[in-house]
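S.K.: First to last, the sequence lines map onto chains A and B. The first sequence: position 178 = 178 (my numbering), numbered continuously. Quick note, my numbering runs 307 ahead of the 1-based positions in the second sequence.
Everything labelled a hint here was simulated from the structure, so no lab data went into it. Among these hints, one or two may not hold up.
Unchecked claim - Simulated pairs of lysine to any residue, SDA-like, Cα-Cα distance not exceeding 20 Å:
#1 Lys19(A) <-> Arg62(A)
#2 Lys19(A) <-> Asp169(A)
#3 Lys184(A) <-> Val316(B)
#4 Lys340(B) <-> Glu97(A)
#5 Lys157(A) <-> Ser320(B)
#6 Lys87(A) <-> Lys19(A)
#7 Lys184(A) <-> Pro32(A)
#8 Lys64(A) <-> Glu599(B)
#9 Lys134(A) <-> Thr343(B)
#10 Lys340(B) <-> Glu98(A)
#11 Lys290(A) <-> Ala269(A)
#12 Lys19(A) <-> Val399(B)
#13 Lys290(A) <-> Arg266(A)
#14 Lys87(A) <-> Glu412(B)
#15 Lys340(B) <-> Thr417(B)
What the hints assert, rightly or not - Footprint (simulated), chain A over chain B, 3 or more residues, beta carbon under 8 Å:
#16 323–333
#17 476–483
#18 548–560
#19 575–587
Claimed, not checked - Non-contacting residues of chain B with respect to chain A, defined by C-beta distances greater than 12 Å in every case (computed):
#20 Leu354
#21 Ala378
#22 Val380
#23 Leu494
#24 Ala500
#25 Gly520
#26 Gly563
#27 Trp593
C-beta atoms are modelled at their ideal positions from N, C-alpha and C, and glycine is treated no differently.
Now for the letters of each chain:
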Amino acid sequence: MWAIETDGLTKIFRSLGRKPLVAVQDLNLRVPIGSVFGFLGPNGAGKTTTLNLLLGNLRPTRGKGRIFGYPIGNPEVRRLVGYLPEKFQFHDFLTAEEFLDFHARLLSLPSSVRRRRVDAVLEFVGLQGRRRSKVREFSRGMLQRLGIAQALLNEPKLVILDEPTSALDPLGRWEVRNLILRLKEQGVTVFLNSHLLSEVEMTCDAVAILNKGRLVFQGRLDELLSEPLELDIRFQNPSPSWRDIAAQWGTVVSVNGDALTVRVGREDAIPDLIAALVNNGARLMSVVPKRFSLEDLFVQVIRDEPR
Amino acid sequence: MNRVEPLAVPLPSVSLWARWVTPVLVIARLTIKEATRRWAFVGGLLLGAGMMALLAYVFANVKRHGEFLPAEVQGSLVVHFGLVITRFFSVVMATALACGAIATELERGTLTLVVTKPIRRWQIVAGKWLGFAIVLTLNQLVWVAVIEWGAWNRLGAWHWGVWKAGLIGLLYPLLFVSLNLLLSVHLPWIFVALISLVFMGIGWSETAMRNIGTLANLPRLLTLSQIAGYLMPTGRIARWMVVESEVLDIVPRLSGPPGVEMPQPTVGDLLYVLAYILVGLLLACWLFGRREVAG
Chain A
1 MWAIETDGLT KIFRSLGRKP LVAVQDLNLR VPIGSVFGFL GPNGAGKTTT
51 LNLLLGNLRP TRGKGRIFGY PIGNPEVRRL VGYLPEKFQF HDFLTAEEFL
101 DFHARLLSLP SSVRRRRVDA VLEFVGLQGR RRSKVREFSR GMLQRLGIAQ
151 ALLNEPKLVI LDEPTSALDP LGRWEVRNLI LRLKEQGVTV FLNSHLLSEV
201 EMTCDAVAIL NKGRLVFQGR LDELLSEPLE LDIRFQNPSP SWRDIAAQWG
251 TVVSVNGDAL TVRVGREDAI PDLIAALVNN GARLMSVVPK RFSLEDLFVQ
301 VIRDEPR
Chain B
308 MNRVEPLAVP LPSVSLWARW VTPVLVIARL TIKEATRRWA FVGGLLLGAG
358 MMALLAYVFA NVKRHGEFLP AEVQGSLVVH FGLVITRFFS VVMATALACG
408 AIATELERGT LTLVVTKPIR RWQIVAGKWL GFAIVLTLNQ LVWVAVIEWG
458 AWNRLGAWHW GVWKAGLIGL LYPLLFVSLN LLLSVHLPWI FVALISLVFM
508 GIGWSETAMR NIGTLANLPR LLTLSQIAGY LMPTGRIARW MVVESEVLDI
558 VPRLSGPPGV EMPQPTVGDL LYVLAYILVG LLLACWLFGR REVAG
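Chain B on its own, in the form it takes in the complex (with noise of 0.2 Å):
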């Protein structure tokens, strides 16, 4: 910035919390204000728990050999694809939500008059990572509920690897919310969409061809899957989900086809991801920070 002289115009003084923090919680106020009121979220947070509690109902009711299946497996089932629907949902969920967050904005004119206010880029784009990421909290803590109720209804006690495997699940819709942010600085959110549904393809592809590469015994495949992990790790956190929802003690072959071993999970898949979102939001920040603004 350039030096300058004594100005006879001062600037206002203000001090670092409301300089640095105050516009990154203005936005995440507003963000999740608009987020709670969209059909998306109310139709998503709402269609999300029928499920689930449709899940516990089946599951209660399945019966093998003319017989019920054991409560504690019911248990386990309604905790393990009730995991498997959030770990969908809530990608959806912050897709729908994050799609549109800036290009699209811009376009529509809602955010031209925020840009002009006293406000850094990054401070826009942290405003509504955070904003998507509390609202999005709000829904896993929802989700998580109601299949600890369904597991609690058949297991009759607490069963805490929800909570345990639900915090971890967050990391889902965290990594998409980073990924849609980072995509809609410049394309509308109909590409943005598109491009995020690849990823989710690419994200589970990564356990199908890891599965198909061991059975079919194809080298190939197995190295195609490791990209894939690595291009988008949800595969990773599904691993993590499913150990720490303490439900293969009791249905072992919830961990995959019989002849392929699920890798396990280790810290580094979790800081890989967590590397993953955070890249993400920076880099968001950092292309929003260079894009011009016509207004």
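Pulled out of the complex, with its shape left as it was, chain A reads as follows (with noise of 0.2 Å):
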């Protein structure tokens, strides 16, 4: 059982006179259920395209989806979603309180437990004593706000954020960061579409990386971030030696002076390089790890695709 699963997706725009648009092509995706799952890809990948085919907003050409078993395009699996879009405008004469009111209607949610769910997440986003202002008079930052109490009014079981840190500043990005970690503690599965890699990172269990409309990356963030892992080792008393021995416990990426850049297959096997160059008579000035980023997988990712 999957929160997300897609079979083959595929959305194409046809339009008179223009060649065919493919923005998803045979998507096959898996998001674990309670899992914060990062959604990557360069811009005009397919990636909102995609999560409008998830909301059933667009129709697959082709292919299909199910959200936690139930088919995309069903309007009352949405009862489980809660969704904040990348663009979006609010009615703007309504006040904080009467915007939620009004979507917690459209949900459905019974006169008292609405009162008790706006009540939480005004306070969850920060905005209880903002309740009674237009949301015409807040700030960007305070609508992105408001607009993440919208999607969690349901208590959802999956969340679905579209560039959800875009508007904020660094403490907003802090406290979206901190909300995404809470709403996984309580099990909820988060969908995150985001361009700031360092924040995918830090949250993310899992990411998929689309790119021209087909996937083409998938897997656990820990497991591909684990490995390959390079190191920088300085020496006192640089030798060519140093090298030979180095090659035995790993790849030599770069000798450059008294620095040589060592690529390690697993981490266990730092202790035994360093006890080798040690024991051989190296004096060793400084051992720097060099983990690979997000953002180097990803872009070797988008660089080995086929223009």
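Using the hints, put the two standalone chains together into the complex.
M.R.: What follows is the structure, given as structure tokens:
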């Protein structure tokens, strides 16, 4: 059972006099229940189209998708989903409270639950003190928080966030990260579409990378980023023989004066490598492990794709 | 819909009322709130009411051969021309309120969040239609009350025909709300408003073409008039209003120019108008259901 599952999901936009545009092609996505899942890709990769397909706003050209096992396009499944779109505009003549009440009514929440949930989400996003302010008086960051609040009204099992921190300052981003982690603790699945790779790296369990409408990568983040590992080693007494010793424990990537960069396959190879160097007379000034970041991975995956 | 296996995450149970009716009412409520705060509504309401009051004042002071018109003629003129004004202003107001109801709201992003809630597209259209219908009914009641006041001022008695005609006149804005919603599924507000104006012209041209066609004996113009009457059946409503307003006994010439007999309205006319409104609304629901929305 997956929170989101797609099989061969494809969307081709056709319009008169234009070449058909393949926005999403044969997408096979698996998002585990309870995970925080990062959905990445360069601009125009088809991420927002995918979200619109999942939410039933667009009809797939072929393929199918399910949310918690229910076919996408079934409006009832949206009772399990909270969604914050990237581009939105609220009815700005409403107050924050009225705005949330309107969305809670659309979710058919009973009146007693509605009041409680409106209070809870306002508290959750830190807008309790502005509940009676008109939405038009809100800053972009506050609007983003209000958007997040409406996405949480129905205590969703799946929260889809499309660039949730795009309008936020560093503190706001930190708060959203914490919010995502709190949702995770509550067992909520979070599907996060974001350009901020550092943010994804800090919060997500798994990622998928989309490029030109195709899924080019999908996997758990900890596995992806743990290997391979590079070490920058600086010597007080550089010698050509250190390179040969290092090569026994990994791949020497570069030699630059008194520094050597070695890529090791496993983390537990590091003590053995250092011991071998020291035992052969090397005097080490520094050993700096350099992990692959999500950004490295992202750039590599996108670059490796045929243009 | 595909059959699914037993699921680990059950859907929340929701009553049939909450599933099918509540969303329509919620959208209607928001539509009323939104419409009544717009200048198009407030301004139109006040302007229309002001014009009707002015009309009553003018007819009270019109002199013919140095003498004021008889009170009952004054009252009939107030009623007749007051209702003509309601017809025009109610159409303008319906268009102003409904022309940007869907496509423009999607473009602005205010509907983007709404469509991702557990709501069917037809419920959004139906909710908007209901909201506009309620607002325009209230508006019509105010205008008819002003006309009634003008008539009562001249006649010294209630003129119930105003209310009957006013009620039938409500079909005018409802017709244009359906038309505007239908067009606004795909078109931006400016195009919807322009097409709406063209349809308004077609509706009004029916009577003009019939009158000229009859007087000048031009059968083709009469055929065109009939076609116009089917394309935009506002003439049918207007004729019903004239009859129900009970002014023809006092001022028979209000039915049209000399030598042209006004067709007697039939129940079929009303049914045609009601069907027109309903079909427009259903088509709008269906089209919006088919429309793809890229948020």
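S.K.: Take the C-alpha atoms of Lys19(A) and Asp169(A), compute the straight-line distance between them, and say whether it is at most 20 Å.
M.R.: violated, 40 Å
S.K.: Beyond 12 Å from every Cβ of chain A: is that where the Cβ of Gly563(B) lies?
M.R.: holds, 45 Å
S.K.: For the pair supplied as a hint, Lys64(A) and Glu599(B), is the alpha-carbon distance within the 20 Å limit?
M.R.: Holds: Lys64(A) and Glu599(B) sit about 17 Å apart, inside 20 Å.
S.K.: Would you check chain A against the region 476–483 of chain B, counting CB to CB pairs closer than 8 Å, and say if three or more residues qualify?
M.R.: violated (count 0)
S.K.: Is the Cα-Cα distance between Lys157(A) and Ser320(B) 20 Å or less?
M.R.: Cα-Cα ~15 Å, so holds.
S.K.: If we take the beta carbon of Gly520(B), is the closest beta carbon in chain A still more than 12 Å away?
M.R.: holds, 40 Å
S.K.: Quick one, are Lys87(A) and Glu412(B) close enough, alpha carbons at most 20 Å?
M.R.: holds, 13 Å
S.K.: Is the claim that Leu494(B) lies outside the interface with chain A correct, judged by CB distances over 12 Å?
M.R.: holds, 16 Å
S.K.: Establish whether the coverage given for the region 323–333 of chain B by chain A is satisfied; the threshold is a Cβ-Cβ distance below 8 Å, and no fewer than three residues must meet it.
M.R.: holds (count 5)
S.K.: Mind checking the alpha carbons of Lys19(A) and Arg62(A) for me, to see if they're no more than 20 Å apart?
M.R.: Cα-Cα ~18 Å, so holds.
S.K.: Per the stated criterion, does the least C-beta distance between Ala378(B) and chain A lie above 12 Å, as a non-interface residue requires?
M.R.: The assertion about Ala378(B) holds, with a minimum of 46 Å to chain A.
S.K.: Quick one, are Lys184(A) and Pro32(A) close enough, alpha carbons at most 20 Å?
M.R.: holds, 12 Å
Hints 2, 6, 12, 17, 18, 19 from the earlier list are contradicted by this structure; the remaining hints agree with it.
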